[in-house]
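The listed protein sequences derive, respectively, from chains Y and Z. Going by our numbering, the first sequence wraps up at 1798, each residue one higher than the last. Going by our numbering, the second sequence wraps up at 544, each residue one higher than the last.
It cannot be assumed that every hint is accurate.
Partial list, computed: chain Y residues near chain Z (C-beta under 7 Å) [stated by the list, open to error]:
#1 A1571
#2 H1575
#3 T1579
#4 A1582
#5 A1583
#6 T1585
#7 V1587
#8 T1589
#9 V1590
#10 E1635
#11 L1636
#12 E1640
Chain Z stretches covered by chain Y per the calculated footprint, using a threshold of three residues with CB under 8 Å from any CB of chain Y [stated by the list, open to error]:
#13 328-342
#14 409-423
Hints listed in this document are in silico derivations from the structure and should not be mistaken for laboratory results. The C-beta atom is built at its ideal place from N, Cα and C for all residues, glycine as well.
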Amino acid sequence: MRGRGRGGRSRRLVGGLRTRLVVTFVVVALVSAVTATALAYRDARTAVLRRTQDAAVDDVRTRVTAVAADFDLPPDQRALSRFAAKISDGLGARLVVARHRDLVAASDPLADTDGRITVALRSAVRAGDGARFQRVTWRDEPYLVVGMPVTYADGDRRASGLEVFVITDLRAERDDTAALLDSVRTGILPVVALAAVLALLAAGTVLRPVRKLGRATRSLAAGELGSRVAVRGHDELADLARTFNETADALQASDARLRDQEAKARRFVADVSHELRTPLAAMTMVATVLEEDADQLPPDAARAARTVGAETARLSRLVEDLMEISRFDANAVELNAAETDLADTVRASLALRGWTDRVEVRLDEGVRAVVDRRRVDVIVANLVGNALRHGAPPVVVTLGTGVAADGGARVALEVADHGPGLPPEARERVFDRFYKADTARTRSASDTGGQGSGLGTAIALENARLHGGTIEVAEGPEGGAVFTLRLPLRRTGEDTE
Amino acid sequence: MPHVLLIEDDASVRDGMELVLRRHGYGVDTAATGEEALALLDAPEGARVELAVLDLMLPGMDGFEVCRRIRARTATLPVIMLTARGDDHDIVTGLEAGADDYVVKPVTAPVLEARIRAALRRAEPSAVSRVAGADLAGLVIDRAALTVTKHGVPVPLPPTELRLLLELSASPGRVLSREQLLASVWDHTFLGDSRLVDAAVGRLRAKLEDVPARPRYVQTVRGFGYRFGPL
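Please work from the sequences and hints to get the whole structure.
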């Protein structure tokens, strides 16, 4: 039990409601934070780049238009270099490359420009009539390259063959957006922590009523039918609490009704018992007188007197058996258990009924168990009486101990006879009330006080169950019926005062 | 000829029992109610009653109350309770009210007679083995006069309880099982009910012990029975 409790607790820590709630909260917070950040980052980055690009393209167009107006075509190398430097001067130290057919000039003659001005951009500029730009990464650094063909201002704006490429460093923009990403990234940690705290608080508010409900359910299951929970608010938990209270109310009401019925049944059994026993007491006494005088009566009257005596005795036994079984049904039986020597009890039961000479006993001595001696006597009397009445001698009573399937010690009391035995269908029904096995098994009605009421084995079984035991019936190895009473061997030494 | 008082409200049962007992040589007085029985015991002819057979369910005053009243008048009259209620609760209540024995109806004549004889035997002083009185921690049991005094104060005991005390104190320290006590005190040759012993021990303790819940004289040996002392 304790182990299971520990296991349950650790399972609850891993997969419990609180953990699941916190994990869910944190995951939701993370997902929303990351999504929002990613969207914001993308938009911010796009905006920054677009602004830079637009500014760069505008600057380049303005500057090129201004500078190209005073430029003569075709240029020579020196003129082209001057042109590039002039444009570069107006654009604030950006690297400018000017091309005219095979001539190439850069504002910074030492810079490597080929890696940054791609073939694709060059062909786009050559083919197009406006400014083109491209973002490139060169030696792990981002650059914006704006390319522009210079056209003749007059007429159809033909391409002059002069192309200008301006390379702008994008490191500042990259650093700006990276800083944005960093600040968002550092912000996520507190958000997640906050989400966890909120989750714990939420879990608390949800779990507290759930725990209360759990406690109430447990105490209800343990038999405290007055167990209720306080209903707060109008949420689903309140509904659940209300439903629980209604269920408990219904349970309590039906329990009270059942108890009432049980009490009525007990009173009825007691009253019936009293009313039946009183006339029987008178009849039993008078029948004794009649039987005593039977010898002096005419034969018919003597037979009548003896019959009345025998039938009164039989009626008394039947009433006793009925009362006993009714007490079991009305749940009015109590176990007066005390540690008892079982071999002694069996011997006393046999001696009391004058069966000692007719029964062979094989009793293990010193078997002591906590049992109700009177009830064990009833079981022994019923089983042995049954064997004597319906079986054939020798009737053998064996007492021993053994180990039950669940590992506990058990007492086994076996009553075997050597009669015709019980057919399988009778074995199944032999513990049914008023069931009487095949009449072939009955030797004679006059033997040992006539036929039983058919309640004896049922009573024996109820008594065995009251002790937590069973009675089984089987066929003996040499025929005959074998009834085996199995009782848990409890030796608690409890005081039975 | 022993004289028995039958207290029974049912006329047929009363007549049947009277018939049987008279045939077997008993003198019989009958009473249909508890009040009638107590009046009879108080009357001069009540002195000849040696044993009462008392029905539990009586109109008016019930058997438990009658038993208590009888016990208040005389400690020595044996009372056998005759009950048509066989519930454990009724039997225990009957025994605790001070009955020496109980019999559940219907009872056959031989069994009733055997129990009457046993109860009468218990009341017989001669049946007890007599040895000199001894002082047992303030308790003096005079086995000759069959009296018990505690610190000089007489303790009146009904026959069954007196016999139980004599039996237990005859061998202080020795454990006697309920079955042994049933056989020696109640003369039950049949399988008796150990509740008889427990109820009588309870009543004896109530009269004898300073604190019945923590008995000094009659001690319980769990799972076995009872023992006198150690004092």
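Verification of the hints:
Taking 7 Å as the C-beta contact cut-off toward chain Z, the hint placing Y:A1571 at the interface holds, the least distance being around 6 Å. Below 7 Å, beta-carbon pairs count as interface contacts, and Y:H1575 has one with chain Z at about 4 Å; its hint therefore holds. Here the hint on Y:T1579 is kept, as its CB sits about 5 Å from the closest CB of chain Z, short of 7 Å. Contact between Y:A1582 and chain Z, as hinted, is supported at the beta carbon level, the nearest pair being about 4 Å apart and thus within 7 Å.
This hint holds: Y:A1583 has a C-beta 4 Å from the nearest C-beta of chain Z, less than the 7 Å allowed. Given the 7 Å rule on beta carbons, the hint for Y:T1585 holds: about 4 Å separates it from the nearest Cβ of chain Z. With a least beta-carbon distance of about 5 Å to chain Z, the hint placing Y:V1587 at the interface is held under the 7 Å criterion. Hint status for Y:T1589: holds, given a least beta-carbon distance of 4 Å to chain Z, under 7 Å.
Hint status for Y:V1590 relative to chain Z: holds, with the closest Cβ pair at about 6 Å, below 7 Å. Below 7 Å, beta-carbon pairs count as interface contacts, and Y:E1635 has one with chain Z at about 5 Å; its hint therefore holds. Checking Y:L1636 against chain Z: minimum C-beta separation of about 10 Å lies over 7 Å; hint violated. Given the 7 Å rule on beta carbons, the hint for Y:E1640 holds: about 3 Å separates it from the nearest Cβ of chain Z.
Only residues whose beta carbon comes within less than 8 Å of a beta carbon in chain Y count, and the segment 328-342 of chain Z has 6; three or more means the coverage holds. Proximity of the segment 409-423 of chain Z to chain Y, defined as three or more residues with a beta carbon under 8 Å from a beta carbon of that chain, is established by the 7 residues found.
The earlier numbered hint that this structure contradicts is number 11, and it is the only one.
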